[in-house]
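Engineer: Residue numbers (the numbering used here), protein chains in the order written: chain A, 1 to 255; chain B, 1 to 325.
Any given hint might turn out to be false.
[Unchecked claim] Stretches of chain B that chain A covers, calculated by requiring three or more beta carbons in the stretch to come under 8 Å of a beta carbon on chain A: (1) 51-59; (2) 85-92; (3) 194-205.
Think of the hints as simulated: they come from the structure by calculation, not from any bench.
We put the CB at the ideal spot given by N, CA and C, even for glycine.
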Amino acid sequence: MIEFYAVYVIVLRELKKFVRERSRLISTLARPLVWLFMVGAGLSRLVSPKAGMPYTQFIFPGILGMTILFSSIFSSISIIWDKEFGFLKEILAAPVRRSSIVIGKSLSGTAVSTIQTVIILMLFPVIGIKLTLAQILCTIGVSFLVAFSISSFGIVLATFYESYESFSVIMNFIVMPMFFLSGAMYPVRLLNAPLRIASSLNPLTYGVDALKNTVFTLREGPLSPDFSLGFDLLVIVLTSVLFVAVASRFFERKG
Amino acid sequence: MSAVIKVEHLTKKFGGLTAVDDISFDVEEGSIFGFLGPNGAGKTTTINILCTLLNPTSGRAFVGGYDCVREPHMVRKAIGIVFQDSTLDKDLTAYENLAFHAYIYGVGRAQVRERTEDALRFVGLLDRKDDLVKRFSGGMKRRLEVARGLIHRPRVLFLDEPTLGLDPQSRTNLWEAILELPERHGVTVFMTTHYMEEAEVCGRLAIIDHGKIIASGSPGELKKAIGEDLIFIKTTDNASARARIEELSGLKPEEKDGELLFTVQRAESVIPGLLKTLAGTVLSIRFERPTLNDVFLKLTGKEIRPEAQEDSSIKEEVRAYRRRH
Ligand SMILES: Nc1ncnc2c1ncn2[C@@H]1O[C@H](COP(=O)(O)OP(=O)(O)OP(=O)(O)O)[C@@H](O)[C@H]1O
Ligand SMILES: [Mg+2]
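Please construct the entire structure, taking both the sequences and the accompanying hints into account.
Structural biologist: In structure tokens form, the structure reads like this:
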């Protein structure tokens, strides 16, 4: 059972802070734009489009995945700030189930992350991708699910760290590798065996693959998605449930 | 009266350090119970266990009849807490902090606004309700936190040094409000403090040092247990007065700053006889009851001092660091 008002008020708090902190919106939107237009545009001269599509188009779902990854993790990691500044005690002492707290926090990350992903998604005409309305809606729906799973993963991460000094550790050693091994910048199937295994354990891999499924109609060739949309969604949903359960358990654990 | 808090042989160890060492006590429903002790005595640790934020190493604790370890959810429903360190969200307004609390503590949607505004009025912050908490002074934040602890009308309210950092005026106001809680709202108050005047108003006190309860009882009982009243007397001829007193009562007065002083069981019943005996020679006479400070001094061998403001220099560093990164 989930306490509706607890979830509501946790999400509301995040949205209020998000709206107030405009620099955060700008910096999280700047990153995908830099990758799309600077890195992507540069690399597209190197990668020939004969594989099925221009490189900038190929990385577009990956860039959506990046937007989700960074803003979801950033939002969830704010729990470390809440620990540091005491607010987490206010939440943990409240008579609400730990799972409601985790779901509230995950939905907070999901909300801010989906908003930003939709903004980036609307750039599709600029890079020459054609999307039908149905594709756009599916992509937004998938983004929402991916954002939820990555946010809940971020909460599991946050339970391990006590201070914000760990923030850069998390960014450099967990988030960046997750991005590169997700198939965002190159198809996973091009990787060698050990990296391919690492990538198959990466929750973002299935998210990026699901986004490739909804953004592209291409179903074969070297740049096509690695798995079916159904399989991707199954993994995303199952891992979300797992992460929420684990995080709830960790929150109940006390010194 | 029944016990709303029950603690049995509670122990908490942090590695090799025993922060709470086999303590037991009961708190009666509708009373004000005080935990008095120096820094590091284990007060906050005990509160954290009672509030379900920390599991004990051994022993049991019950709040409202519920086991703090096995039924944390039921315990949480019964309590309100004002933590020693600030737990406000400084990027939200005063109103938003309190409304957040009301919702998460299950105050019905229809009542959130009214309760929140009442609470803000109660601590005199209603006119600042839409200001961000980061623009508040330390004392305002403290008052806001106390208001927040009351918003959901808890059965037991934990106050960990509630008046920390308040000016005398606000402290008095807050105390008046706290004192009303048991009668007006049936709230049981469990508080910690370093201030003797505050400890005086508690129905019962437990004095804790190095994790152990070394004495407990009402302030009156505690004072009685350690001793007697001290009489100070000044006469025209101290030497002969001293001889008379010694002769009559067998007491051996000391002389200090021109005054004779000695202890008796009940000063008020000794003084009339004394005035008669020393008729005509007494210049002044007064007596002092033992204070809680004396109790504390006698039991722990040290003075209790209000700690300096919370560790604000470190917090400031943290904030500065955050800004840089
Ligand atoms: N999380 C922790 N890890 C390790 N030691 C701890 C922890 N929390 C408290 N302690 C130790 O336990 C002891 C009791 O601390 P506690 O905070 O309960 O004291 P206190 O009575 O509240 O003191 P104060 O008046 O300074 O608030 C101290 O020695 C403290 O260093
Ligand atoms: Mg303390």
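Engineer: None of the hints should be skipped; say for each whether it holds.
Structural biologist: Now for the hints, and whether the structure bears them out:
1. Interface restraint, the segment 51-59 of chain B with chain A: holds (5 residues with C-beta to C-beta distance below 8 Å; minimum three).
2. Here the segment 85-92 of chain B counts 8 residues with a CB under 8 Å from a CB of chain A, which clears the bar of 3, and the coverage holds.
3. Coverage of a stretch by a chain is defined here by at least three residues with a beta carbon nearer than 8 Å to that chain's beta carbons; for the segment 194-205 of chain B and chain A the count is 0, and the condition is violated.
Checked against the numbered hints above, the structure violates only hint 3.
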